[in-house]
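Required output: the full structure, derived from the provided sequences and hints.
Taking the numbering used here, the leading residue of the first sequence gets 1, the next gets one more, and so forth.
In case anyone wonders, no lab produced these hints; they're calculated from the structure. For every residue, glycine included, the Cβ atom is placed at its ideal position computed from N, Cα and C. Careful, some of the hints might be misleading.
[To be verified] The calculated label-pair distances, taken between Cβ atoms and stated as ranges, are:
(1) 312 with 575: 54 to 60 Å
(2) 596 with 786: 38 to 44 Å
(3) 606 with 538: 51 to 57 Å
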Amino acid sequence: MALENKQNKQYSFIESEKKWKSFWEKENIYSFSRNSKKKIFSVDTPPPTVSGEMHIGHACSYSQQDFIVRFKRMRGFNIFYPFGTDDNGLPTERLVEKKKNVKAKEMKRDAFVRLCMDFLKEELPKFIQDWKDIGISCDWNILYSTIDKHSRAVSQWSFLDLHKKGRLERRDAPSMWCPECKTGVAQVEVQDKELDSLFNDIVFKVGDKELIVATTRPELLPACVSVFYHPSDKRYNKLKGKLAKVPLFNFEVPIMEDERADPEKGTGLVMCCTFGDQTDMEWQKAHRLPIKMAITPEGKMSELSGKYKGLLIKEARKEIIKDLKENDLLRNQKAIKHVVNVHERCGTEIEFIKSRQWFVRYLDLRKDMLEWGKELNWYPEHMKHRYFNWVNGLQWDWLISNQRHFGVAFPVWYCQDCDEVILAKEKDLPVDPTIDKAPVKECPKCKSKKIIPEKDILNTWFTSSMTPQISTRLMPESIQKKLFPMDLRPQAHDIITFWLFNTVIKSRLHFNKNPWKDTIISGYVTREGEKMSKSKGNIIRPQEVREKYGADSIRYWAASSKLGEDFDYQEKDVVTGAKFVNKIINATKFVFMNLKYQQKQPKLLEMDRLFLSRLNQTIEDSTKAFENYDYARAKLEADSFFWKNFCDNYLEIVKNRIYNGNEGEKASAYYTLYQALYSLVRLMAPITPFVTEEIYQEYFRKNENEKSVHNCVWPEKITIKESKNDETVWERIVEIIGKVRQAKSEAKKSMKAEIILTLSKEDKTLLKDFLDDLKSVTNSREIKEGNFNIIVL
RNA sequence: GGGCGCAUAAGCUAGCGGUAAACUGACUCGUUUACACCGAGUAUUCGGAGGUUCAACUCCUCCUGUGCCCACCA
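Right, dumping it as structure tokens:
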């Protein structure tokens, strides 16, 4: 019977989580108040990509930002914490294609977008549930998707505004191009990949003399426009101004000098083809060389290449090498490994192709960009170097057009005859020019009636860099001003150069303000030091962990990693969280087992005052850490105070008094226990929101005002007389208790064994007000004075 | 090649100019009036070499290892 009773009372995190989740939702505990006078704290929540389910990295980083938000909420802020999903890119396109069994390219764009919205309507609640399940305290009524109508309108507004500000250019220029995806590619979308290649020494001719040029890309010979050597290179400087004959193709190109040719590399001679790489482009510009395109946007050889026309790049390379060999024009071949730029999405080598693309012109702002980065408060601070490093290495204006099908459309039409750009009207946004009519019937410039739509789409970062506007513009205009600039942008370090950088740029170009005051950068979750990936099969599903140990345990684990540091997933760390949950439940049960609520502070016993003084220290440390976004430190302070001081020592000390004390002694203990536990519950509420809510509702609600612990005020120091050496005295008491336990342990006796304790004269004086409690907690028959000694009886 | 991190017990991590710490594990015990998902105790430690300092795990320099970002594409 007793056992049964006990089991019934055991804490079930499954039930508890379910109960409080629906309570929070029903009671709007986390909703942003539109007419509150409280100060606002606004968060530019990262919208996760809908491409599957939440992974452990999400669970970790969203928990971390949630700790901070919950702290701020308890500090009295009106929290603006929206939730979005990022759906206008390839991952969602692929997922919808798969689930709906369609091909995006075979559908009309608006039909696919609609299908996508339908899909999201079905799937989003399931997807979002994972976030709700780990206790993320967003206002779930402030929701957006980066492909929804509202986001498209904001993104297109951004385009119109940048156009108005003269920051947009449509240029017919060489730009990075992916022959596989057949789209222009932005600098940020390019990755490094080490590939095997061949360094070919091939023969150019000046009259009868042979010139050996080393190249990995002989297929670009038809696009060769010159041969360079370094000005100091004595082997070649007499050739200046002469012409060299290009092998196989037999046209002549000038031999020129340029600092950028490295005498150490290959033979010291390099051919310039427009465009093999970035240097080729610089040379083309610097020496006003002609432009010859050997490769088409499809990744095939152009008509320039004569008999090789139509071959794929790699096929042509093979053929040309074969022909060079046959004509004795290939002198040597060396296998090398070199790093090339590839498109991050498909791994295809990037080509430079002349095409017509839209750019945001911003290279002229590099100095300002550095300033903007400095204005931001970075947590941890060193992450700002990633931003500076990126700005310093910027080579290209921002290419924002993608020759893809699914995404946010350009709000643009053109006149087919004179190429005049015709922009959508702001009030008509969002538009899809392939469906919607242009706002004019004829070209305002040449009066032509032939108006054609822009078929390209805006790069996904063009839209996601608008999340501060997308989210805040969901609110009435009167509130928007208070929400922007936002307070906090949380995100991971891998997309500083993408999302963070682009958002800063947009905000500065549109509003001449930084989008937020602070940014917190989270690290990666690894598994035995390695990045988790499906191919390695080392994925941890947070859903399973939660079912096994509870959401509070996952969050407890997430709170043990410092901001910005990668950290390793270890199941036992989650177990530690589960132990904490169990411990605080049990400690609470004990405290309230025979406690009478004391609203007013009674006359406190010295021991209780001393303990509260130590609690105040913890409150101060934890608060300071949280103000600095150092949730890990804040948790550590509260958590270790709970175990070491509250459970291991204070509870043991007061036990006897609670059972056997007189009224005054009991009252003092009751008050101290209640205040200490109530403070601890609130200190841990941001980290473990479920169990703390459970405890609050069960034991504290009837005496306190707030509907939820998460709306309670963050604990403040308890008013007591503190004196300077409180800490030393408390530490000494804990130390003596420890020594006694050690003595009993070494004597292999029970902790309840009786002892005779001898304290030094100094100790006895220092601890004169604490001797009764000390006697009972150590179970001393008597406390003598003399040399420190413990006799276990 | 440039930039930024990291290196602390068997594992994972705190910490910091003043005689090293939590958790897990190991070992030795104890326990039934909060908690066996318990309690107590024991052992083990600051990558290497210099330097600054009365004092360095902590600051500086170099090295080694490791991670990320950027560049290198002839």
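Comparing the hints with the structure gives:
1. 312 with 575: 54 to 60 Å: holds (55 Å)
2. 596 with 786: 38 to 44 Å: holds (41 Å)
3. 606 with 538: 51 to 57 Å: For residue 538 against residue 606, whose Cβ atoms are near 55 Å apart, the range 51 to 57 Å holds.
Hint check: no violations occur; every hint is consistent with the structure.
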